[in-house]
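Those protein sequences? They're chains A, B and C, same order as listed. The first sequence begins at 1 in UniProt numbering and counts up one residue at a time. The second sequence begins at 1 in UniProt numbering and counts up one residue at a time. The third sequence begins at 1 in UniProt numbering and counts up one residue at a time.
These are calculated hints, taken from the structure and not from any lab test. Computed from a predicted model, the values in this text were never measured in an experiment. Wrong hints could be hidden among the right ones.
Looking from chain C toward chain A, a few residues come up when the C-beta cut is under 7 Å (computed) [to be verified]: (1) I173; (2) A176; (3) L193; (4) N201; (5) S204; (6) V208; (7) G209.
Where a beta carbon is used, it is the ideal one built from N, C-alpha and C, also for glycine.
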Amino acid sequence: MTLLTVEGLEASYGPVRVLHGIDLTVERGEVVVLLGANGAGKTTTLRALCQLPGLSTSGRVDFDGRSLVGCRTEEVVRRGIAHVPQGRGTFPELSVEENLDAGAYLRRDRREVRQDIERWYDTFPRLADRRHQSAGTLSGGEQQMLAVARACLSRPQLLLLDEPSLGLAPLVIQHLFEIFAELNRSDGTTILVVEQNATLALSIATRAYVIESGQIVLTGPAAELHHDDGVRRAYLGF
Amino acid sequence: MTTRTIQHGSTEHRIWQVLLYGGIAAVVLAIALTQPDYRMAQFSAVAAWSVALLGMNLIIGYGGQMALGHSAFFGFGSYLTAILYADYGVSFVGTLPISALAGAAIGFLLGLPALRISGLYLALVTLALALAFPAIAKMDQLSALTGGANGKLAYIQWLPPTWLPFTVTSAAWVFLTLSAFAAVLFLLASNAMRSRVGRAVVALRDNQIGAAVSGVHPATWKTSTFAVSAAYASLAGSLMMLAVPIVTPDSGGFLVAVTLITGMVIGGAGTISGAVIGGVAVVWLPELSKHWAGALPLVSESDGTALSTAVYGAVLILVVFVMPGGVVTFVRRLRARFVVVVPQVPATSPPVAHAAPLSPTPELEMERP
Amino acid sequence: MNLLQTLPWAVPGVNDAFFDLSYVLQLVTTGLANGAVYALMALSVVIVYRTTGHMNFAQGEMGTIGCLLVFSISVERGVPYWISIPAAIALSMVVGAVLQRTLVQPVERRGGMGVVLVTLGLFLIINAVDAVIWGADPVTPVTPFPSEAGDRFIILDGPPQFAIRYSTIGIWITLAVVVGLLWLLLQRTRLGLGYRAVAANPESALLVGIPKDRMLMLGWALAAGIGTLAAVLFSQKTGSLDFNLMAAVILYGLAAAALGGFDSIPGAVVGGAVVGLVESLVPAFFSFIGSELSLVMALVVIVAVLLVRPQGIFGKAKVVRV
Ligand SMILES: Nc1ncnc2c1ncn2[C@@H]1O[C@H](COP(=O)(O)OP(=O)(O)OP(=O)(O)O)[C@@H](O)[C@H]1O
Ligand SMILES: [Mg+2]
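Using the sequences and the accompanying hints, generate a full structural model.
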C-alpha cells in the first residue's frame, strides 16, 4: 500500500528553481534510498515534503491518502512524518532530555512518552549519561543519535533521514543503520533516507531513486541498483 | 506594447537626459517665479530635506548599514551654522564646508564602531543617538552656545543679487540657492555611486567577504560611507537654517529621525532620485494629514498635530507592505515596460568598471545581526 | 558633622553630598527601583528578541497605552486596580499577539529592515493615538501601591536616616513575581519548551511539530503584558503619567537588555539594576553630569557594551560544537 506519492514536485528558493518535477513513491513498510551528487536536490526534496517555509513548491504530494501541499510543517509532523535534517539540527541550548521532550511535542500521552524516552536511553546509553547536559556540548555522533531519537519520539509513520552518516565514525554508522533496520522491522516505520554511503544504504533498502539536477533519473530495487554499472561508477566508487 | 531599448551614453540617451535635467530646472524656476512666500519656504525645506535623505540613502540604501539616527547629524549641522553665523560672524556659505567637514569627522568617529556593530545593533545605537541628541543640545555646559531648551535663532541675510536677469522675492532666492546646492550635491552623489567608489560600496553591502577578497577593504569603505552620509546630513541641517531660521534641541531628535526614515522609505532606499520624493513627502505629509484630520468629525486642532504623527507611522508601515522599494522603484518598474536603458559596451575600459552592475536595494534586504 | 565629610577626599567635580550615607542609600534605592522597571522593559525586549531576532522599538509605547487604560478604568472610574491592571495586561497581550500576526509576521518573512520600520511606525501611531485619546497634558498617575508620604518602612531612624517606600518594595516584589512566573512558564511547561526550542533552532522546532508562528505570537504577547506592567510601575514610581511616559524608558530597557546580552533573562534583570544605579548615582557623584543626561548615559552604556562585550555581562559563549 502506498504511503507517499510524489508527482511533478517542483521547488524553488526565491527565484532559483532547484527541483524540476520529482516523481517518487514510498510503499508502507519500505526503506527507500535517495542517491545523488552534491547539490542534486536531495535535501531540498525532503524539505519540500515537509513544507518548510522559505521554499515555494508545486506538484502533488500525497501522504497516507491525503495531500500535504499547503499544509504547515507542524501539520505534516502531526500527520506522521518525522525529519532528521542534514547537520542534525538539535536544540543546542536545551538539555538532551528537553530535546527528546520536544520531539514528543505533539503527543499527549505523557506516560508513554516517558517510556519511549527511557527506551531510547537504553538504545543510546551515551545519551542517558548526558541527559541533563546541553545538546550543544555533545559530540557530533551523540548529536546524530539525539536527532534520530528525537525524530522517532513523535512515533512517525514515515521517517525522513538526511545523510545520517555525515561525519560519523564507521562503527557509529553501522550502529545507526542497524537501528534504522530494527525500527523498520519491529515498529514498521517506513523510511526514506538520503545517503552518500550508498553501499550501506542500499544494504538496508528495498528500493532506490537516483536524483540528478532536480530530477529523478533512475529508479529500481536496491539490489538491482547496487549492481548497475552507472550507479556503481557514479555513487559507489567502484 | 513594445519596449524601447536605449543604449546608455548614446545620443538618444543624452537627449533624454538633457530634457530631464532641463525639465527639472524649468520646474524649479517656475516655482521660484510663481509661488507665494509661504509655499516657497516649504519648497526650500524640500531641498534641504532631500539632501539629508540623500545622505541616509548613501549609508542605508547603498551601504546596507541600518544607520537610522541621521537627525542627530542634521541637528548638529543646523546648530553649527547658527552658532558660527550668529556668534562668530562666519558667512553662511563659509559655514557650509565647516559643517560638512565636522559632520564627516563625527561620522567617521561614530562609523568606527559600525565595523563591529552592524545590522540591528547599529539601528539601536543610531536611534539611541537621535533620542539622546536633544539632551546633549540642552546641556547646561553648552547652553551658552546652543541656547538651551529654547533653541538657537539665526536670521541669515540672503537677498537676491542685482545681476539676476529677473526679479524674485528673497524667499524665492533662498529656494533657488538651496536648489542649486542640492543639485550639486545630488550630481556628486550620483556620479560617485556610478563610479568605482559606488561599486565598491554596493559590493560590500552585497557580499562582504567577496568584496574583501577582490580588494575592497571593508573597514575603510564602511567608515568612509558613514562619514560621507553624515556630512550630507550635516550640510542639510546647515542649508535648512536658510529656510527656517531657528534650530531647537528636537530638530535632531527621535521624531525627526523617524521622519527622515519615512521619507527615505517612501522615496526608495538606494535610489538617488528617491531622496527628492522623500523630501516632498516629509514636507507635505504633515500638512496633508492635518488637512485630512480636519475633515474628520470630533478631531480638534491639536489632535491634528498628533494625527500627523500617526499618519507618518501609518505611511511607513503601508510603504513597507505595499511598496517596499519606494516610489522610485515602483516607477522604474513601470518605466521598464516601455523603455530599457542598456549599459554601453565598453571597448577599452578595464573589466572592473562593469564587473558589478549597480543595484539599489529594492526590498531593503539586509543582514541580520 | 559626618565623619566621611571630614576626609580629604574632596575631588574636584565630585559632590560632597555623595559622602552622606543616608543620601547614598536613598540614591541606591531609587536606582534599584527604576532599575526594576528597566529590567521589566529589558525582559520584554529579550522575550521578543530570543525567538525573532528583532527589537520592538514600540514596546514602550505599547506599555504606555496599557497604563493609560488602567488610568481610565481605575483613576477615572474608580474600579479597583486589582481588576484594571490584570485586564489591561490581558488586553495588551491580545493586542501584542495580533500586531505580531498581522503587521510583523508578513514582513518578517521577507527579512531585512522591514520589521524595524514597522515597529517604528507602530511607535508613532500608538504615541499619537495616546495623545489624541488622553490629551497631551499630564494626567493623574496610577498608584496601585500606597503612595502617601508616610507609606514607607523606616529602616534607619536617623541620623543617618533611611526609609524605603512601600511602592518601591512593591515594584521589587512585582519584578520577582514576573521573573518567577516567566521561569516557571519557560522551564516547566510544554508551551515554554516550545518557545525555547524555537529560540534555539527555529527550523528544527518546525520539524518536531512546534507551531513556530504561534510561539512568536506568544513572545509578543508576553512582552506586551510585561511592558504594560512596567509602565504602570513606572507611573507609580515617578508620580507622572502622560502620552510620553515610556518614550525614554524603552531606551533604558534596551540598554539593560544589551548589558544582559539580549537573550538572557537574568541578564536583563541585572542589566536593569545596573542601568538604574548608573542613572541615579553618576549624576550625584559627578556634579558636571546633569541628571538630564541619563539618556546619553544609556547611549554610552549601549555603545560600550556592544563594543567591549557584545555578548553581554553574562557572556555565555555560544555552546555549539560541530
Ligand atoms: N537556501 C537556499 N537558497 C538558495 N539555493 C539553495 C538553498 N539551499 C540549497 N540551494 C541550492 O539548491 C541546490 C540543491 O541543494 P540541496 O541542498 O538540495 O542539495 P543536496 O542534494 O542535498 O546536496 P548535498 O549532498 O551536498 O547535501 C543546490 O544547488 C543549492 O545551491
Ligand atoms: Mg543535502
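For this structure, which hints from the list above don't hold up? 1, 2
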